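Sequences listed follow chains A and B, in order.
If you read the first sequence in full-length UniProt numbering, its first letter stands for residue 1, the second for the next number, and so on.
If you read the second sequence in full-length UniProt numbering, its first letter stands for residue 1, the second for the next number, and so on.
Please note that a few of the clues may not be correct.
Using 30 Å as the maximum straight-line C-alpha spacing, the simulated DSS-like pairs for lysine-lysine come out as follows [to be verified]:
#1 A:156 / B:122
#2 A:183 / B:125
#3 B:96 / B:23
#4 A:198 / A:253
Treat the hints as calculated values from the structure; they're not laboratory data.
Note that this is a predicted model, so its numbers are computed, not measured.
Letter by letter, the chains look like this.
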Amino acid sequence: MAMTARQRARVSLYVQAGIFVVAIAALILATDWETIGISVFNFGKIGPMFPGIFVTGLTNTLIYTFLGFIVGLSGGLLLALMKLSSFPLYRWIASGYIEFFRGIPALLVFIAFGYGVPLAFGVSWNITVIVMVSLGMVASAYIAETLRAGLQAVPKGQLEAARSLGMPQWRAMITIVIPQAFKIVLPPLTNEVILLTKDSSLIYVLGLTASQYELTKFGRDGISSLGAGLTPLLVAGAFYLVITIPLSFLARKFESRTARNNR
Amino acid sequence: MNDVVNNSRGGAATIQAAGVAIKDLRKSYGSNEVLKGISLDVAPGEVVCLIGPSGSGKSTLLRCVNLLEQPNEGTIHVGGFEATDPDVDIDKMRRKVGMVFQQFNLFPHLDAKRNCSIAQTKVLKRSQAEADKVSMHNLERVGLGHLADRFPDQLSGGQQQRVAIARALSMDPELMLFDEPTSALDPETVGDVLSVMRNLAKEGMTMLVVTHEMGFAREVADRVVFMDGGVVVEEGVAEQVISSPTQPRTKEFLRRVLDPTHIDIEE
Chain A
1 MAMTARQRAR
11 VSLYVQAGIF
21 VVAIAALILA
31 TDWETIGISV
41 FNFGKIGPMF
51 PGIFVTGLTN
61 TLIYTFLGFI
71 VGLSGGLLLA
81 LMKLSSFPLY
91 RWIASGYIEF
101 FRGIPALLVF
111 IAFGYGVPLA
121 FGVSWNITVI
131 VMVSLGMVAS
141 AYIAETLRAG
151 LQAVPKGQLE
161 AARSLGMPQW
171 RAMITIVIPQ
181 AFKIVLPPLT
191 NEVILLTKDS
201 SLIYVLGLTA
211 SQYELTKFGR
221 DGISSLGAGL
231 TPLLVAGAFY
241 LVITIPLSFL
251 ARKFESRTAR
261 NNR
Chain B
1 MNDVVNNSRG
11 GAATIQAAGV
21 AIKDLRKSYG
31 SNEVLKGISL
41 DVAPGEVVCL
51 IGPSGSGKST
61 LLRCVNLLEQ
71 PNEGTIHVGG
81 FEATDPDVDI
91 DKMRRKVGMV
101 FQQFNLFPHL
111 DAKRNCSIAQ
121 TKVLKRSQAE
131 ADKVSMHNLE
141 RVGLGHLADR
151 FPDQLSGGQQ
161 QRVAIARALS
171 MDPELMLFDE
181 PTSALDPETV
191 GDVLSVMRNL
201 AKEGMTMLVV
211 THEMGFAREV
221 ADRVVFMDGG
231 VVVEEGVAEQ
241 VISSPTQPRT
251 KEFLRRVLDP
261 THIDIEE
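Generate the whole structure from the sequences, applying the supplied hints.
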C-alpha cells in the first residue's frame, strides 16, 4: 500500500518525535536522582551565596566585561584600520596579532598577564588592570576582524563622496565611514560582548580577594564551602544567562533593525 | 583663471567660477591604457558635456580632475591649483570642486540638511548655524527645502540626486563635476535633476558633465566633447557636434544613441 508524499512526510515527523521522547525518557530513567538532588539541585544550602553573588559577583562580572570590551573595542578599531592600511608593515603587524590572539586559549593570556608579566618586569598589577589587558587584548583580536568586515561593507562611494567634499582621509573615516561601519557590525559586536562575558570567568585562575570575586569565582568558592556539591555553579550559570540572554535578544533586535533600514 | 560671472537669475549669489586646463593626460590600469593623451580646456563659467560609448574613458577623465583617480602623465590645472603637482593640497583643491556621482553617494546616516552641512562644519569650520543656513539655501535652490529632515532612504532617486547637488553647492565650489548624474534614475525623475543643472549653468557655474542625455547636452552645453577609446575624437559647439558630426565614429555613436531601434543592415 503506497503512501502519498504528504503521508510519508507526516510519518517521518512522528518517527523523529518518537525517537526524541524515547531518548529523554532513557536519560531520566538512567539518572541517579537522589545524588543529583544532593549535589546539583541542592538549593536548600545555597542561602549564604546571597546577596554576595548578586551584589559583588554579578557587578564584578559586568565591570570586568565592560572594561575588557572598552579596551577590545579601541584596540580592535586600531587593528582593523591597520589591517586595511596601504602600508604593508601595519597590515603584517595587525594580521600577526590577530592570528596569535585568536589562536591561543584566552586562559593562557590571563596566566601570562597575571603571573608572567609581574615576574618578568617585577611589577605587580592591580587585578582590574590585568583583566582589562588580558580580556581586552583577546577581545581586540576578535573585534578587529568584525570591524574590518564592517568597514569593508561600507560602499566605496561613501569615502569618495567625503573626500570629494574636501575631507582628509582621517576625517572621512571618522565622520562618514566608521559610524556606518558600526551600525553594520552592531549585531556581531553584541555577540562579542556575550563571548567576553563568559571569558571574564577565566579570571578565577588569578588570586582574588573577596571583593574582586566575580560569578564563577563565587560558584567555585561555594562548591568548597557550602557542601551543596555543584549547586553553586548552577546558580552562577543562571546569573550568566541573566546577562547573556538579554544581550542575545538585543543582537537580534539590532539585526532586524539593520535589515529594515541603514540609518 | 578665476573669473567672476554674475548670477543671471537676480544676482542673489555670485558664483566664483574656475576654469580647467587638461594637457596630455594619460591614465592606465595595469597594461590597459584608458586615457591616451587627453587635452581639454574649460573656460570659467563654461558648460562642457563629455559624451561617448561606455569604456571610452569619460568618467575616468572626470575623476582625474579632482584626483579620485591619479593620472600617470600630463597636467591638470583647476582654478589656481595644479592638481597634478605632487605637492598640491588635495583637500584644499577639492573644496573648490563639487562632484556629483551616478549613485548619489549620500551619507545614509545623516538627513538631507546634515548631508549638506557636515563638510561645511568639519572642513570649512563654519558654525553649525551658518552651515544650516547655507544648507537650507541650497536645498531650496534644488527645490527640496521642505524635505530637509528626510533621510536618504526616504527620498526618491531624483530627490537624492538633487540633495547631492545641494551638498556639493554648499561648499561654494568654483567648478562642478557631474558623473552620469541621471543614469541611475527612474525616467520620470530625470527631468527634475536636469532642470536643477540647467539653472546652475544659467547662474554661471563651470560644469563638466559626463552624460548620455543628448537633449540636455544640446540645450545647455556650450561645448560637447566626444570621446572614444581614450582619446577625444571630436569636439565643438554642442548643436554642431550633435546635429552634424564630422567624424564617422561620432556619427555612428549619435545614431545609436538618438535612434536605439535603428538596425544597421551592413553589420
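Tested hints:
no., hint, in the structure
1, A:156 / B:122, "20 Å, holds"
2, A:183 / B:125, "27 Å, holds"
3, B:96 / B:23, "20 Å, holds"
4, A:198 / A:253, "21 Å, holds"
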